[in-house]
Amino acid sequence: MNHIERDMAALSDAEADRLPTYPIACGVNRKLLGDNVTYSMWCKDPKIFANGFIAGQKYFDFDFAIGLMDLSVMAGDLGAHVRMDDENTPFVDKHIVHSLEDYEKLEVPDIRKGRSHVIVEGTRLFNEKLKNEVICAAFLEGPLLALTQTAGAERVFMDMFTDPSAVHAGLRTMVEFDRQMVEAFSETGVAGLVWDYLWGNYSCLGDEEYNEFEGCDKYAGMLNKLTADSGMALCIHNCADLPHLDTQVKKFKPVIYSMAYYPLIPDSPSAGEVIDKGYADNCLIAGNIDPQMFIRAKTEKISKVTSDLCQEVKTALCRRGLKSRYCIASGCEVPPDRATKLDNIKAVVDTVKRDGVLEGC
Amino acid sequence: MNKEEILNGLSEAVILGKPDQARSYAQRSIDEGIDPLDAINNGLVKGMSVVGDRYAAREVYLPQVLMSANTMYAGLDILLPMIPSEELEDKKKVAIGVVEGDVHDIGKNIVKTMMTAGGFEVKDLGRDVPIETFISVAESIKTDVVAMSTLMTPTMDGMKDVIDGLIESGYRSKVKVVIGGPPTSPEFAEEIGADHRDANAQDSVAWLKEALF
Ligand code: B12
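Protein sequence lines, in the order shown, are assigned to chains A and L.
So the first sequence is numbered by our numbering: it starts at 1 and just counts up by one.
So the second sequence is numbered by our numbering: it starts at 1 and just counts up by one.
Wrong hints could be hidden among the right ones.
The following label-pair restraints were derived from C-beta to C-beta distances [what the hints assert, rightly or not]:
no., chain 1, residue 1, chain 2, residue 2, range
1, A, 47, L, 142, 33 to 41 Å
2, L, 141, A, 263, 33 to 41 Å
3, L, 140, A, 282, 53 to 61 Å
So the derived list for chain A, only partly shown, Cβ under 10 Å to chain L, looks like this [unchecked claim]:
no., residue
4, 5
5, 88
6, 91
7, 159
8, 233
Chain A stretches covered by chain L per the calculated footprint, using a threshold of three residues with CB under 8 Å from any CB of chain L [as the list claims (entries may be wrong)]:
no., segment
9, 147–158
10, 292–305
11, 342–356
Because the hints were derived from the structure by calculation, they are not lab data.
Using N, Cα and C, we set each Cβ at its ideal position, and we do this for glycine too.
Isolated chain A, as found in the complex (with noise of 0.2 Å):
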């Protein structure tokens, strides 16, 4: 099979001849362009961008691409600072909401300028490379994360207790600005569009308060359905610890659903567990092996990890009578660090090729 028709397979449950592979690789692609391409060029020009995962899909032979750049550019373009080093993932320095009526303030930024503009070239001209070979997606963050990186995560915490009603009228700037992301991507041509609902999660909030502030019947409902109606594949990656699947999962039925684990943490949920409860019954569920040990771990280590996911993951799914809906990806993205080893993407590949092989129950 090719990666189309095994990404196809995977998505339906159809017989597959192994299941499919897609280590999130995004930043850490531009080692791959040469010593002198910085992570600060890299998400600051669509080429470069583009560049490095048409790179990443020669180099490593993934089964997905997906266009994640970082978190922080919607609070970026809305004005917050950034703190941009030449080879670290940039972060939010400073925020810009200080006050309630701050909240009001915001204001969608010029989406054909600025990161949001890298981002949605970036993903145009990558996809129009790799669209014949696998499946594309591009990358957004929700609102209530584009808000909280915009404002501050506490700060909309507290708010949304106290003053909820000038957190929503933030929240509705951000749903503008992310309905007119959706329509640029939309008209790039890729196959899908994954939603970061980051806050969806039981470390941080709560049923009531993830539906209130972001939930089924509000934003997020709204924007899986405008991301369905605009022709993408609704996917959706949350990379914490305790993932609102209920919500996420069996209410916004994305297609695929990348999620991360943690085994150290009570409760959360490993993949034999989530197939097990029926998440991916209807869902490409793609998962779980900690980022981390991309730069950590020995490339032995690594591929002793995914050799024994994908045999976690084949026995659930045949206990579940599933074929082959699981991807193994790696829960989050693979650090951008320079110390990242690309030899360690490359052995979660191969063993995916060795171990992941589909022969039936």
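Take the given structure of chain A and dock chain L with the ligand to it, following the hints.
Same frame as chain A, now just chain L with the ligand:
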């Protein structure tokens, strides 16, 4: 209003996340001549422990916890200055921060709150804190504890750099170093020469009390 009603009013304010109520009960407790330490421990802190336990049991979530913390601080702002300074001298000091390169500070703030509730005087260095700041502040305020948090693996090494710096400056033997955050482990703490690592706020306070008192 009797003492019990005032103390209950303080803990209720914290549990419900109502800073104004905490301020007014704090003022009343002073007016009624209640020992401020009593008002803190059996009022504000009692409420914060209830919220801490409910958060650990996932009955309440961050908006509530952060608001309760805010409420506790509002009450403390009024009550702490009323404590005679000799009594405060016994308070052990903690300098806490998120190591350089990491902006995840929600967990650190919860630990800070529970340490404050546990009777420590806490100096918050914030997030993305340079190594030198940990060392210079520890020395200048003569802290008893340096507490470091990180949620990211690439920044874990910063914890070791702080400890090495403390050794170099000669201050290491005067402080306990506690670390936390999901990527850290007891083994990592040992490897870098920290005294302790904890998975959550409450347990680390219990450990510190044991180690220091
Ligand atoms: C919320 C979040 C964010 C928010 C942070 C907002 C804020 N103000 O803190 C935002 C969106 C900004 C963010 C950004 C990023 N994030 Co983030 N984020 C998370 C997330 C989902 C939850 C963290 C959280 O707040 N949990 C709730 C708090 C209460 O729990 P806690 O911090 O663990 O604290 C408790 C204990 O650990 C302990 N504790 C904590 N510190 C200490 C200290 C001491 C002394 C003690 C005793 C105890 C203790 O007590 C606390 C209370 O019980 C985690 C994943 C997860 N864990 O679910 C990822 C995660 C931490 N993020 C991650 C990453 C990679 C990033 C980014 C680089 C993403 C990007 N590509 O841009 C940036 C980081 C930029 C930077 N340089 O810092 C990774 C880190 C991977 C790693 N191991 O290196 C994680 C693990 C996700 C993943 N699976 O990969 N993130």
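Hints that the structure is at odds with (numbers, increasing): 1, 4, 8, 11
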